[in-house]
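*Asks:* Here is what each chain is made of, one letter per residue.
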Amino acid sequence: MQTNQFQLKTGNILADRAHIDMPLLSAFFIIFLISGIAMFSASNGNSNFVIDHSINIAVSIVAMTIAAQLSPISYERIAPWLYFLCLMLLIMVLVFGETRNNATRWLNLGITFQPSELMKIAMPLMIARYIATGTLPPTNISIFISLLIVLLPTAMILLQPDLGTSILIAFSGLVVVFLSGIKKRYLFTGLLLFIASLPFIWRNIHPFQQKRVLTFLDPGQDPLGAGYHIIQSKIAIGSGGLFGKGWMKGTQGQLDFLPERTTDFVFSILAEEFGLIGVVIIVIVYLFIVGRGLLIAINSQDLFSRLVASSISLTFFIYVFVNIGMTTGILPVVGVPLPLISKGGTSSVTLMIGLGILMSIRTHKRLISK
Amino acid sequence: MEFKSPNTQEVEKEVFLSRILFCSIAILILATIIITRLFFLMVIESDQYKLRSLNNTIRMQSLPASRGLIYDRNKNVIANNQPIFQLEMIPEQVLDIDTSLEQLADLDLIKKNNIDNIKQRIDKNLQFKSIVLRRNLSEREVAVFANNRINFKGIDIKSRLSRHYPKGEIFSHALGYVGSISSGDYSRFDPSFYTGKEQIGKTSIERNYEPYLRGKPGNQKLLVNVRGRIMERIDQNPFLPGNNLILTIDSELQEAAYKAMGKQKGAVVILDASNGEILVMLSSPSFDPNKLSFGLTQKEFNTLSKNKNKPLFNRAIAGQYPPGSTIKPMIALGALEMGIIDPDVFMPCEGRFFLPNYSRPFNDWSTHGAVNVVRAIQASCDVYFYNIANEMGIDKMSYFLKQFNLGASTQVDIDSEKNGVMPDKEWKKNNFTSRENQTWYKGETVIAGIGQGYMLVTPLQLALATAIIANKGTAHKPHMLKAIEYTNSGKIQYLESESIDYINYIDDKNWNLIHEGMEAVVNERRGTAYGIFPANSSIAGKTGSSQVFSIDKRSSNEVPEELRDHGLFIGFAPIDKPEIIVSIIVENGGGGRVAAAPVAEKIFASYLEGSETNNAN
Chain A
1 MQTNQFQLKT GNILADRAHI DMPLLSAFFI IFLISGIAMF SASNGNSNFV IDHSINIAVS
61 IVAMTIAAQL SPISYERIAP WLYFLCLMLL IMVLVFGETR NNATRWLNLG ITFQPSELMK
121 IAMPLMIARY IATGTLPPTN ISIFISLLIV LLPTAMILLQ PDLGTSILIA FSGLVVVFLS
181 GIKKRYLFTG LLLFIASLPF IWRNIHPFQQ KRVLTFLDPG QDPLGAGYHI IQSKIAIGSG
241 GLFGKGWMKG TQGQLDFLPE RTTDFVFSIL AEEFGLIGVV IIVIVYLFIV GRGLLIAINS
301 QDLFSRLVAS SISLTFFIYV FVNIGMTTGI LPVVGVPLPL ISKGGTSSVT LMIGLGILMS
361 IRTHKRLISK
Chain B
1001 MEFKSPNTQE VEKEVFLSRI LFCSIAILIL ATIIITRLFF LMVIESDQYK LRSLNNTIRM
1061 QSLPASRGLI YDRNKNVIAN NQPIFQLEMI PEQVLDIDTS LEQLADLDLI KKNNIDNIKQ
1121 RIDKNLQFKS IVLRRNLSER EVAVFANNRI NFKGIDIKSR LSRHYPKGEI FSHALGYVGS
1181 ISSGDYSRFD PSFYTGKEQI GKTSIERNYE PYLRGKPGNQ KLLVNVRGRI MERIDQNPFL
1241 PGNNLILTID SELQEAAYKA MGKQKGAVVI LDASNGEILV MLSSPSFDPN KLSFGLTQKE
1301 FNTLSKNKNK PLFNRAIAGQ YPPGSTIKPM IALGALEMGI IDPDVFMPCE GRFFLPNYSR
1361 PFNDWSTHGA VNVVRAIQAS CDVYFYNIAN EMGIDKMSYF LKQFNLGAST QVDIDSEKNG
1421 VMPDKEWKKN NFTSRENQTW YKGETVIAGI GQGYMLVTPL QLALATAIIA NKGTAHKPHM
1481 LKAIEYTNSG KIQYLESESI DYINYIDDKN WNLIHEGMEA VVNERRGTAY GIFPANSSIA
1541 GKTGSSQVFS IDKRSSNEVP EELRDHGLFI GFAPIDKPEI IVSIIVENGG GGRVAAAPVA
1601 EKIFASYLEG SETNNAN
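Going down the list, the sequences are from chains A and B. Numbering-wise (this note's numbering), the first sequence opens with residue 1 and increments by one. Numbering-wise (this note's numbering), the second sequence opens with residue 1001 and increments by one.
Only part of the chain B face toward chain A is listed, based on derived beta-carbon distances under 10 Å:
| id | residue |
| --- | --- |
| 1 | Glu1012 |
| 2 | Arg1019 |
| 3 | Phe1022 |
| 4 | Ala1026 |
| 5 | Arg1037 |
| 6 | Phe1040 |
| 7 | Val1224 |
| 8 | Val1226 |
What the hints contain is simulated information worked out from the structure, not anything from laboratory work. Ideal Cβ positions, reconstructed from N, Cα and C, are used throughout, including at glycine.
Between the sequences and the hints, there should be enough to build the whole structure, so can you do that?
*Replies:* Here you go:
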């Protein structure tokens, strides 16, 4: 069988019992180490900032560990509930969400959080469950319903407005439809429909989002305003050269020329201080995580797990691609953080829960196989 | 959950695997795009970005040199530098210039009606260059701005050294003033000396010795953060301060002259007889040079430059006046030398002189009776000199007087000096257009004998001529710069002035006759300045009145002020060994005796007081 060569060996028994995938965990530690180094530099050597960040990391590792304990069956079971809960919360955000910086993304229910973050987990679970239940390749009706499942929350998040998150959530859902074996001509039609609807989308997105796209096309037209981020980021990355300026020695970062350098533009700091060699290593570690995720997907025994695992892995890659793409000026600035390195409590936690689900799929043997 | 046959599962898995394969290839392609992009930015274009990163953080800031100080001959500071606060803007850093200017006006930091003017200047200015919005802010205004600084990106208060003249208008014509650098100034000097500077010498000493005074700007390389805050100084070339100048001016005497002139219009020049050093250069009315160094508005400047009393005009070197009777000692000397007159022969003066075939008389201001050369100088007898002039002829007279440097630049070391006029037949031919006017008339020679007509001299020329008389033919070129104190070495370089034999063939006894006549002016009854100076002063002088308007009545009180005669006085003291030379003109003063001689008296008194204190020390 051709799949045999991708077969995963049973790992460390202790780790398997704890439902932890050691290769993934090692990769996380490398990434978190890089994250700590980057945060120390980006905060101009503020150790309190790094301690806060470490607490976030610790919380997200705990969240991952808990997520890994639940079996894929349980995930399949709770998927619709989770999805509809998220949908409700998103409606509540639209009705009485909290507004910060002109964006209504937050909901205050005792604790303040972003329901769209939760949707990042709910979406692949829900769509995978829906597709896996039906026959494959999916019928026209189930494709239509799948699209509805995907586009409803996407549209609501787009209204908040949060372009970055809505792209990631739409992708995590649509990729499942793609993997389910949808006919190529549907893909084609979908692509054409998407292109045709671009003018409509353009008219309905927020002016500042329009500006971001325009700025992306020509950052020089507004060098002190919207184009400033891109220009300064490119200067930081480009001036890093092959070997970088050295840790804490990047002038773009240390002298505050680079904005949002603990969040969306942390990659630029890393590039400035550690050079091409440093960032290529980071990219390789990311590719390792994605590859490991896909391997887990291939090796999982049922369709639901396979779809969930590959959706999480591919979405993770899209995170990396969009973030590096926007910091290097090949994609518009849509506000996607660099996964597990950028500061941001909820986004690391949801990412790690997703990766925890990967570990769950890897370590839980399903009884109903073959 | 419905059950699927193993077969269906196999098909599902195969479809899934092919799609995963597709995704994996897509991932590899996207990853390659990223790596390629990074390679492009960080290797191929890296140098460009390294440069831009440096440009972000490195600021070259010029350090304007402090302007050299100016001392008087006794090392009293008469021009120094004072820190002032000024409001400056770098246009390209300001987000909304219109709003910012409005807000500044609301805080009373700039005037509302000045906004348009500022905007025009901003349009002309380079966008990255700092532009001054307001000079000389008070401490309160500095505090007001500091409280609101956060609202004004690209606008800040800078402290700068500005030229300051502690004595204000007393030295304004001697020193000149500094002002904002105009495009015309850049053509005068190398702009590289003026980076970060706003002031340049505009007139007089400040202009002429600009290359010594300006110094050499330094610069510093600064590491700045995004808000322009200086994080570190990487490199510094300190500026070289301008060299200090020590002038020949005696500030005590200058002040005495200033007080003596009071509100009268005119000029005072005092020379050191032994070396041509200008001890006093005063032109009245004057102006406050401090106001000019802060930069006047166009309106203020117009008021100053269009004032009918011409306060900006340096009468001492550029005022051209008929010398009047002050020319008489020199004409007498020429007549003696040419044998036209005998010093022992008395000539009658009946108050009028007639040219043959000419019915109109040439009037004397008084009837003098019988006078010889000494008495004629003493009492300023016009008839005596009408006769001399008529016999000498204009060409000889002109040639002789030119040897006293009259009608020619003295080449003093400040700008804007005027030549005056020493007319002769050739001159008239060249300077008039119609044939009738080109002809020289005998009557013109006659009035030239008493320093009227076309003849024009400056107060400084008269002073030099007096010095030549006092020293019997030799004198030093008048000059204002005594020494340069080099700030880098601390060395003082004194300037040697050359002694010139202006006229060297005159018989000593003829010189003495002239001196005798001039002493009689001051010390003997019927002398035109008799009784004004203390009795038996060792002072030789000559008064003069030059006609502004040809009227027969020369009495002053009935004539409107602007038509009254100019009063002149030249003199030197002591007579045997001259130390100082004075030359004074009081415009519309009504005559030398009433207007100019009293000024001279006060100055001599102050000089004697000064030298007595010096001797006592």
